[in-house]
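**Q** The residues making up each chain are set out below.
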Amino acid sequence: MGRVVRHLFVTGCVVLWLVPLYLLVVNALTPAAEYEGRPDWTFQGFDFVDNARTAWTEAGIGDSFQASLLYSVVCGLLAVLVAAMAAFAVVVLPVPRPAFWFWLIYSGTLFPLQIFLAPLFGLYADANLYDTRLGLMLVYVAWAIPFAFFLIRNQMTTMPPELTEAALIDGASFGRIFWQIHVPLMRAGLGAAFIFQFTAVWNDLLLGITLSRSADVQPVMAALTTLNNAYSSAGPPVILAGALIVSAPTLLLFLVFRGLFLRGITASAR
Amino acid sequence: MTDTTTPAPAAATAAKAHRARRRIPTRTPHQAVRPGARRGGPLAALPWALPASAFVGVLLVYPFFRSVYGSFFEDNGFTSSYTGIDNYTRLADDPIFGRSLLNTLMWVAGTLLLPVLLGLLIAVATHRSRFGGVAQLVIVLPFAISAAATAVLWNFMLTSDGAVNQFLRGVGLDSWAQTWLLEWPQNTLALIVASTWQATGINVVLFAIGLRANPRDTVEAAQLDGASGWRMFRYITLPQLRAVTVVVVGMAVVNSLKAFDMIWILTKGGPSRSSETLALTMYREAFRLFHVGYGSAIALVLSVIVVASSWAYLRRQMPDTGWAKA
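Chains as they are written, first to last, in this note's numbering: chain A, 6 to 275; chain B, 282 to 607.
Chain B with its partners taken away, still in its complex shape (with noise of 0.2 Å):
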């Protein structure tokens, strides 16, 4: 696909999936150096794909394989042994990864519902307004903080005697103050929160991408037409922002299941592991516990989950690369 002397209804082929899937390159991708050209041989270029591969080989690529392949063994650290798939039956039957899935599962159903629909409104509310900008500036602001900084920030607002509490009871809603971090469910609904602070800004910023790339014209002509309001934004803004809000949703899932940083340092995972997402109860049984077959079995499932909930987002980044056309 990405030599330049594809015949013709291949290129036709390429063309149309091209235009259906909206990919971001402007050019497809295109050798400028064909193969078979003077100088050096296919060989000539290898070196310069060499250090990546090496890197990447090396230091992600075994270690993924090793790592489903480890997940078949019983394993402390010191002595392994052949398991097959007892790893993967025993998660059925384990409470903690129970648990653990259904906070992943808040984790994700919480993201959508703040950070990404917060984002969107923030967006359409600040767009084209006055001071817009330095609103979406404020909001974007803690995306520039690591989620370990935020979470510590957090800590000191969340803590019983924190200011939420101290805030909650100084405006006498003294029965809404309570141990945030200590208690299952509210422990896990207030790191969302949390991540929230941090995590809707990006999203702000690229809905207020979407939007700004959306033609004008439509919006007068529905405007002649006597749109507005709720009508305005549910048939016109929405169905052109189809295309960010994959990427937004797409990003967000992900980034909701990859959450350590915040997690680890708010709670640990606790108390008695009861805020744990899938990977914080893989770094606990893997590197606290030291069942690291177990805590490889649970990266795998951990892993799978992300790849196939990150699937439409990546469909539409792939390039052209002839085995994304899946």
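Looking at chain A on its own, in the form it has when it is part of the complex (with noise of 0.2 Å):
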């Protein structure tokens, strides 16, 4: 009875959860012009890559699609490089009042993106850094390093010191044991801490719409909400399509790479 019910239960989810995305799929193959207004529940035909060219090109995905990219690697790349670097001083090095330096760049994710819009929005326009790729690469760096930080230093505090110390006393300077000992030692944590930020990025839309506003500046999420607003317009098959291929380099990274993608966020309840 009680076994019953459980299966019950978790199909029913397992159905409710996949329904969404049936539709999802189904409605992003329907060639646009055949769409009559209301969802299509069964195929109606494989017109996916005509609806996501339209997507592509016509909607400007495109151009946000590698300007995200661009953001996303380069971003996430830079960001785990200097959270370590804090990491290593905080956790190894004699880096005088460890405490301080852990809060100054754990406390970028304690609060709500918007305590950081409006001045942030001051200091681009005074600047000249709004609605520039630099600048938006400058604030993802800033805003991806605290959680980074915070999981490479968790994970920099299981190494035995004693790594540490044999280095020193065979003469390597900070340098080599930072990139010869800890950095492969942790390249599953950094891995990680890359994925996590990568996505972090790559799913922004907040600082996207409030820092910038051109086509070729502007981050796929931002894109995907003017696409959106088009909904009459554009028609559905063209947003799914849209929706689709700017969830694919995340839904990739999960499928390739299911371990390092959770380890992010699982990280804290272990």
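Derived from the structure by calculation, the hints contain no laboratory data.
Don't take each hint at face value.
[Said to hold, decoys possible] Covered, in the sense of this in silico footprint (three residues per stretch, anywhere, with C-beta under 8 Å from a C-beta of chain A), are these stretches of chain B:
no. : region
1   : 327-339
2   : 403-411
3   : 422-432
4   : 443-449
5   : 481-492
6   : 536-544
7   : 576-589
[Unchecked claim] For the chain B half of the interface with chain A, some residues (derived, Cβ under 10 Å), not all of them:
no. : residue
8   : R347
9   : V349
10  : M532
11  : F568
[As the list claims (entries may be wrong)] To list a few chain B residues with every Cβ distance to chain A over 10 Å, as calculated:
no. : residue
12  : Y363
13  : G365
14  : L394
15  : D455
16  : R596
No residue lacks a Cβ here, since even glycine has one placed at the ideal position from N, Cα and C.
From the two separate chains plus the hints, produce the assembled complex.
**A** Rendered as structure tokens:
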């Protein structure tokens, strides 16, 4: 009896979760011209390529896709590197007052983005960084550092200090200890932090719409929002194809590196 | 606390605190290179911490304090004048802020009721079952999709001639079909359901980790004593999930307070600002209506709520830095 209820419950949930995904795929495949103003529940055609092309070129998802790829890869890598260096300073090196540095860097992740937005906008307007790729990249790096730092720092504290001590006795410099001992030993942790921050930057909307305006600077989620605002004129097949395109990179990362993908967020529960 | 030469009594206190709060790092932070070590003195380590501190300091910490300062000014983006706590007293009489606060509370309550509770139930139901892994994968899949893409998909589901209404009419529940996004409170409720679809998966994963960490012995002992079903869940499983529940609840509440993308894309906070939460109200006031000071005041209120509600969860996360002992 209990087992039947359990299976029914799980099956029900799985079906409920799959229906939106199924509708997403079916309607993204419907030829845009044949869409009749109401969702299709069965496959009407396989015109994904045409829909995707319309979204990519005419709706400007393509430009933003390339911009976002640049932001996510570069800012993800840079943030992980800078965060790892800071974690190295706080955990391994004799930086005075490690608690102060920890809180300074970690505090960036405690607050909602809203508390930073208005002054950031003013700062960017004054420094001519508003609506530039450089400006967005700077803020994405800063935004990605605190949590990457937290993840890497937690992992670094689990490494035996004897490793560093032995290297010091052998006369290795700090740089050498960092690059040849800590970075190789923490590959998985650094990878998890990168995937986490890549996803965070890729999925950002709020910073994108606040600090940029033009099509070739805006990140991809902002472009998707613009496309969605033209719901009636662009038509759901094109919009859903756009949603599929912008989801592809993170979905791919998730399916290939599931363990690392979830590690960032689950690290806090272990 | 991080010094290896800490005298014994202090170390004992630290160890006690350590046990009591079950911190994550298995080792206390330990600076391998002691201050006063041969190489370079204390300043040699600073360059390693500086880049991160500079990024965070200039682009996050400074804007934070500037925001707090700015919330005491009447500021339309061009001219600003000091008005003391006027922005905060105005909040109390602003019906839009009241509605926004109510919606925010609905989001928090809805998040605890749906993604958290559902996540717990699904994790327990799929634990050690044959296709449990597959079911968990399906439910966590939307987590790999951005909130913006999820919102676009659910816009397609929830518009007046969308899939949900089509389904309800198809099965003969015509009276249930309604304009989901156009009237309060069902627009906020529909948004919470849409975000449930995305957010439940990660809670399932977290609870599943908690379940796997539970020792089998207690379960077997309880089985020998004749416990099963509800009693097993209530008296054995649930108490052992306490630590992970603190994390899940903390993260879920904070995420619901920070939710922006989903609401912005599905309703823009409307119609007539009826589905705004504090995160949306701040954005609209500061960047659409150019009430920058007023927006900053809302941002500060939101920040206080976020930090206050994540306190229990944060305390568990915090390393032994000495400052976290509050």
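**Q** Can you tell me if the region 443-449 of chain B counts as covered by chain A, using C-beta to C-beta distances under 8 Å and a minimum of three residues?
**A** That given contact holds, which follows from 3 residues of the region 443-449 of chain B lying within Cβ reach (below 8 Å) of chain A.
**Q** Minimum Cβ separation between R596/B and chain A greater than 10 Å?
**A** 12 Å, holds
**Q** G365/B: least C-beta distance to chain A exceeds 10 Å?
**A** 19 Å, holds
**Q** Counting residues of the region 422-432 of chain B that have a beta-carbon nearer than 8 Å to any beta-carbon of chain A, does the count reach 3?
**A** As far as the region 422-432 of chain B goes, the hint holds, because 10 residues have Cβ atoms under 8 Å from chain A.
**Q** Three or more residues of the region 536-544 of chain B near chain A by CB distance under 8 Å?
**A** holds (count 4)
**Q** Can you verify the interface hint for F568/B: is its Cβ closer than 10 Å to any Cβ in chain A?
**A** 6 Å, holds
**Q** Run the C-beta distances from L394/B to all of chain A and say if the shortest one exceeds 10 Å.
**A** The claim holds: L394/B sits with its nearest Cβ about 15 Å from chain A, beyond 10 Å.
**Q** Is D455/B truly not at the interface, in the sense that its beta carbon sits beyond 10 Å from all beta carbons of chain A?
**A** 15 Å, holds
**Q** For the hint on M532/B, just tell me whether its beta-carbon gets within less than 10 Å of chain A.
**A** Holds: closest Cβ of chain A sits about 7 Å from M532/B, inside 10 Å.
**Q** How about the region 403-411 of chain B: do at least three of its residues have a C-beta closer than 8 Å to a C-beta of chain A?
**A** holds (count 4)
**Q** At least three residues with a C-beta closer than 8 Å to a C-beta of chain A: is that true for the region 576-589 of chain B?
**A** Three-residue rule met by the region 576-589 of chain B, so holds; n is 9.
**Q** Would you check chain A against the region 327-339 of chain B, counting CB to CB pairs closer than 8 Å, and say if three or more residues qualify?
**A** Our answer is that it holds, as 10 residues pass the Cβ test (under 8 Å) against chain A, meeting three.
Comparing the model with each earlier hint shows no violations; every hint is respected.
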